[in-house]
Amino acid sequence: MKISYNWIKEYLDLNVKPADLAEKIERTSVEVDDVVKPSDGLKKIVVGHVLSIEAHPDSDHLHICQVDVGEDAPLQIVCGAPNIAEGQMVIVALPGSRIANNVKIKKSKMRGVPSAGMICSLQEIGFSEAVVPKEYADGIYVLPADAKPGDDVYDYLGMNDSLIDLDVTPNRGDMLSLYGTLHDLSAIYDLPVKFDQPAVKEAGEPIADQLSIHVDESLAPQYKMRLVKQVKLAPSPMWLQIRLWNAGYRPINNVVDITNYIMLKYGQPLHAFDYDKFAGEDVYVRNAKAGEKLTTLDEGEHDLDVNDIVIADDKAPIALAGVMGGLDTAIADGTTTVAIEAAVFEHDHIRKAAQRHNLHTDASQRFERGVNRTGLQDALDAAAQMMDELAGGTVQTGTVVAADNVPAPAVIDITMSRVNAVLGTDLDQAKVTHILETLGCDVTADGEKLTVTVPVRRNDIHIPADLLEEIARIYGYDELPATLPTGRMTMGELTTSQKLMRATRHSLEGLGLNQAISYALTTEDKAKMFLMQPSEVTKLAWPMSVDHAVLRMNVITGLLDDIAYNSARKVKDVALYEQGRVFYREDGTDRPSEQEHIAGAITGTLLPTAWDAPAQPVDFYQVKGIVAAYLKDMAVNGDVTYVANTDMPEMHPGRTADILVHGHRIGFMGQIHPTIAKKFKIGATYVFELNLQAIIDMPKQENQYDVISRYPAITRDVAMLVDNDVTNDQIVELIEKRGGAFLQSVKLFDVYDGVKVPKGKKSLAYTLTFQDKHETLVDDVVTQAFEKVEKRLQDDLGAEIR
Amino acid sequence: MSLKDKLNELHERGLAEIKKSGDLKDVNQVRVSLLGKKGPITEVLRGMRDLDAEERPKVGAFANEIRDDLTAALAKRREELENAVLNAKLANEAIDVTLPGTPVAKGEPHVIQQIIDQIEDLFLGMGYQVLSGPEVEEDKYNFEMMNLPKNHPARDMQDTFYITKEILMRTQTSPMQARTLETHDFSKGPLKMISPGVVYRRDTDDPTHSHQFHQVEGLVIDKHITMADLKGTLQVLAHELFGDKFDVRLRPSYFPFTEPSVEADITCFNCGGKGCKVCKNTGWIEVLGAGMVHPNVLKMAGVDADVYGGFAFGVGPDRFAMLKYGVDDIRNFYLNDVRFLNQFTKKG
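Chains as they are written, first to last, in this note's numbering: chain A, 534 to 1335; chain B, 10 to 357.
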């Protein structure tokens, strides 16, 4: 809501600049979007009197005008506006002036005729298209006849006012009016409000003889109408038009303008009906009936819902209550009798109707948030009186009050000790009482207990906490001390699982992977890939896009998306890991379970290529090295083994392994299948994904000191030819089993399956290290153990020792 | 010629030869020729037996002096020559120290993670627990128990990814308030927790909106927690994340689950509070929402609102990272361009 600084000052004796006022509002009541003075940025724009016009010789629409701008000689200005006429007072941008959008106007020639400036429309000096009166929408604006040539136009058009745009939070419906804003400012600045409530001059017949209203009070707890006869539609006076356009409303005619003006001033939406267009003298407030239709003022046609509240006459709905009036009973040329409605509609119905019909109006917004339930009659009276004064209408005697259920004011008890205990302040009772009273509350004290009666217009205040907010903000948040919570000590410590997750991230970063955070919402196709356990997909009911419609059941595809994004930008070396949740759902349940996973993906080269290190493309053993090092860091208790898996559809059948700890599968790794790589438009990529929750839950080894032997170690190398299907694991296992008590380690140092070995065979070579912790090993002991190993290799694995 | 003169002459000649020697081989030859068993000094010493018993020790001492001096001169010369050889070798080994170092594999935590870790560490130090909650949440916890009943205007269906009518992607980390309030045993001490995590909103992704982002919820409930404590806590948070010269101010706001509700602004980074384009000339930037926990939230979770109360706040690490590092597009955080990820490597 845009509120006028000048308007505020009419009622409140403020002595602050607009920017300071805005700052104060923002710090104390609601957010301020901006403060705008419409004349800012404009220069040398004055009133001109069109002395004469003649047609341009070389144009069928341009006119050559002689314009008195208060100087010795008139200016010649060429003007293309269709509504230019002799005698008009117009807006002239002089040579050297600046108009809207910082456009500079210079002397020029138009089709050969010199033109010293420009005659302007309102839009050209910065008015929004939406507020320009319809008759001037396509041409220049004509100022009142008493404007003085040569004067700046700004004051004539209200452009020296400052407009403060309030972003009102949903709880502060009261701030959607001048009235409410004034009362808040009155508390903030501790100043009285001088609000003028006019007396209505009633002259016509009793309204009761002309109108009966039948209201369903559950839909409209309050409903009133006044009737004004013999109105004469005309443009509103300038001051009223200025108030409206500065608030963002287009002036239409005096009757409609009055209803908008009263809404802005009082916060009470009013609707003006053309009484003569009612079918009968009865008006009903009821639910719409199935099949009923209504064409609203904006010419929109609506199929009404049975939950909509309508105003109806004897025949049909004439308004969508609280949202928008109907076209058939609208104020239009020829209207002479106006029925003014002031009502309160049930907010939930209004919110849903506005949504249903996609009609979010200023009226519906105010009804949704709640209007001043004690202010209906004042708003109605002020509107009727203005129709008398500005439209020559005769206000009929009386008001039809069909329903008037005004809620009782909230009465809240609060103690001073509570106020200070919650705010952390040391306020005295007089101060708190004064703050509450400036807000319009009635306060009675009983010792330190305050009984506070809240004005009905503040429908956001119900409980002591609400009063605390009022006290705190008016007292000023800057005045609050800044302290830290005291009380019993608490431990701040990460849980075991949180520590492990941090350790996981640190480990993988140490191993060269960057942490990625990808989208957890993906496509159904991707969600189903790389599944580690069977699961139903979980879909969003109304996704925004197909790309983010299903909850992921793997982390890898997000990383592949990331690699694709990098790859498309020519970043070919990518090493990422991600720690996050996957969502598994069992058939027949709505809610998936969430499982922490850790996944990685590498493509290109792991180390950046450099002048002294040839590029080494990523391969299976690099990703295995990462996984093995990570699992070592996590110190899971139990052997980690890797078993070839040829069955994962998204993985290379010959380059994929399941990762097992103590025989339990906790994940997999390997190269993604070339068809998947192609689908993602990426190169050869190696991945792993592990069930992090399983790792968290597994028993861990503790770090333990082991004596480092002071005695020398003896090494023996063994090279052998074995069949291709004999694995490293088999050989190492055998050596470890048969190597005797002093075997410390077995290390593979060569693998060869090239031309120098027979087909179907491969050559493997190991270094065996023997060491005793208590004495120097004797060579014979080692030889004995080593020969035993060699014999077993030959006997059990058919190895040919070389 | 007396033996002494002979020795003197030998001494001079020896020193001259040592000086002349060009390499280690020469030095060795000089050593052998001067001090060897068949060398002149040995010879002179042999001639000593012809001397008087009186003279003998004097000449002997003198000969030893000469021999020691020559031995020292030889050692010195050898060292000189060895150093020259070594220096020549080292000179040969010179490299271009400006060539780049060999790359090492090194990964970085994600910038959002860095901010979350920083917040976690700060609050752990102040005795808070870190809790994480489900990302797929019940309507009950996400909204109802946060004082947002079914028809509340602030929970427009538009903003939430629903899975079923009752199950949704959490739109905030606030449901962790309700979940922890429900289970916390206040007889064991106050509740002080933060809860970081991923949240989801039904938004179209653009430079300032993302359908997925992060929040850190904070909650402190005890018998005597004040709004001043909230202000002090937020000040500590701002100082930790941005530096001591940043100030915090509170403004009234509205959240259904807090009363009073405030927005917290911090001093604008760009201008340090003078007013600039970034802060719309206010000198302040809005960074988080907070407030005193609404009694309804406490009551719904079974906590006695007459005895217990406290504050809650919600921080957006994405927004913090954008402000702190000047990131102009929130989507950068979720696309994981390596060139982006590697911009945030400063440690400590």
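No wet-lab data here; the hints were simulated from the structure. Careful, some of the hints might be misleading.
Here are the simulated DMTMM-like pairs of lysine to aspartate or glutamate, each with C-alpha atoms no more than 25 Å apart in a straight line [said to hold, decoys possible]: (1) B:K174 - A:D1080; (2) A:K1214 - B:D214; (3) A:K550 - A:E1012; (4) B:K286 - A:E556; (5) A:K1295 - A:D1145; (6) B:K356 - A:D1106; (7) A:K1157 - A:D1123.
We went through each hint and held it up to the structure:
With a CA separation close to 22 Å, the supplied pair B:K174 and A:D1080 stays within the 25 Å bound. With a C-alpha separation of about 23 Å, the suggested pair A:K1214 and B:D214 falls inside the 25 Å cut-off, and the hint holds. Simply put, A:K550 and A:E1012 have alpha-carbon atoms about 23 Å apart, close enough for the 25 Å limit, and the pair holds. Only pairs whose Cα atoms come within 25 Å are accepted, and B:K286 paired with A:E556 is accepted, the gap being roughly 17 Å.
About 32 Å separates the Cα atoms of A:K1295 and A:D1145, which puts this hinted pair outside 25 Å; it is violated. For the given pair, B:K356 sits about 24 Å from A:D1106 by alpha-carbon distance, which is consistent with the 25 Å threshold. For the hint pairing A:K1157 with A:D1123, the CA-to-CA distance comes to about 37 Å; that exceeds 25 Å, so the pair is violated.
Of the hints listed earlier, those the structure fails to meet are numbers 5 and 7, in rising order.
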